[in-house]
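With chain A fixed as given, assemble chain B onto it according to the hints.
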Amino acid sequence: MCLAIPGTIKQIQGEYAQVDYGGVSKQASIRLFRNARVGDRVLVHAGFIIQILDKDDGEELEKLIGETMGFTNADEI
Amino acid sequence: MQMRYRFEDIKKRIDELAEKMGQVTVMEVCGTHTANIHKYGIHELLPGNIRLVSGPGCPVCVTDQKDIAAALSLVEHENVIFACFGDMMRVPCGDRSLYSLYESGKDVRVVTSALDALQIARDNPDRQTVYFGIGFETTVPQTAALIEAADECGIRNLSVLSAHKTMPQAIRQLLGNGSGIDALMCPGHVAAITGAGAFDFVADELRLPAVVAGFEAYDIMAALLRILYMLQNGERKCVNMYPRAVTRHGNREALSLIYKVFEPCDAVWRGLGKIKDSGLGIKERYRRFDALHRFNIRPYDVKEAKGCICASILCGKKTPADCLNFGRECTPERPLGPCMVSAEGSCAAAIRYGDTPLQGAFLYGGGMSRV
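Chains as they are written, first to last, in the numbering used here: chain A, 885 to 961; chain B, 63 to 433.
Just chain A, same shape as in the assembly (with noise of 0.2 Å):
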């Protein structure tokens, strides 16, 4: 039930923003989250945004895998 799927936001009006999922678009509700913007990667959980997706896409995790391989550095592998 916690399911949330990963969109962009294509359009906004009103309280509603259109969010496309890699080709199939839906209205969610910005009411949880009004700074949602138009082109922002968003998080949707039963029709409401509810997080906006970081744009660093992986580079944090990466570095959090990175110490459990014994580095510090992610770049020292």
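There are no misleading hints in this set.
Coverage of chain A stretches by chain B, computed from C-beta distances (three or more under 8 Å per stretch; other residues unrestricted):
hint: 1; region: 904-917
hint: 2; region: 928-934
hint: 3; region: 944-950
Just so you know, the hints here were simulated from the structure itself, not pulled from any lab data.
Glycine residues also receive a C-beta, built at the ideal position from the N, C-alpha and C atoms.
Chain B only, in chain A's frame:
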């Protein structure tokens, strides 16, 4: 983005770390984690001494019989349109369910968003629409938004049956002394709302490593790697391994809306019993949107089906494989308990994808795909 560390690299490092460790039990408390761990076959990718158990993370599963009985009472009320998520429909409550009432002609409607209930209320001004609010911090803000919107628009024919719950108190109760759980995989989308910081107490109070995890196979394996790394190094921290969606402080707008409309109250969880301040009741200011209050419903208890061990499964004490009814008397078509109904329930996931190699297919007529 191409990740520097391949899936195989993570798996290899997990194997290396696990080799130096004894038995490790990791609990997750999110229905989507439960389903995806089975779907991706994560159990089989892990060394034998690393055990994953599901806790009370499926919202449908933890909803108490009394709350479902209250829902059935509301459905039977004259003039009510009852709106709920589809997973709730077939949870048995005695010899009835929302689905059986729907089949008998009652107006039960499946919605995919809380705001669908607002539209139903608008479209049916002469009838009462009741929305069944279930779930944790991910879903609660939507119900709060529904109530706020109904209040703003002056909609009077809408109310909410709230069985909403919050995670921290249940985790405290479950993972307190002597639980046998060595670490917690925290629910990523709950944390998207609450912020990763909301799970610091797992490390600070319970002295267990915790990771906030995403939902792809890569995310789950990376989270497990971090857990093993922390266990090996004696670290007791809560690490956010889902940084692309989870921030330190979460979605403040959503959190503020939750506590504008709701306030903490005691709640009964299937399997865990009554837990202080683990539920969310509608505040006095919005009391007129409380369905129990509006329809004067007095919840009554209905016993769980004989032989059903959902309660023990939800505490991580038993697994679907321990249940004598699993795949026999209890199947997705004829479920005895909620863990077999919800797509995120442990039993439904185990029967669909197999708890151990081919078990699901073997027990369930040999036709189930392991995907």
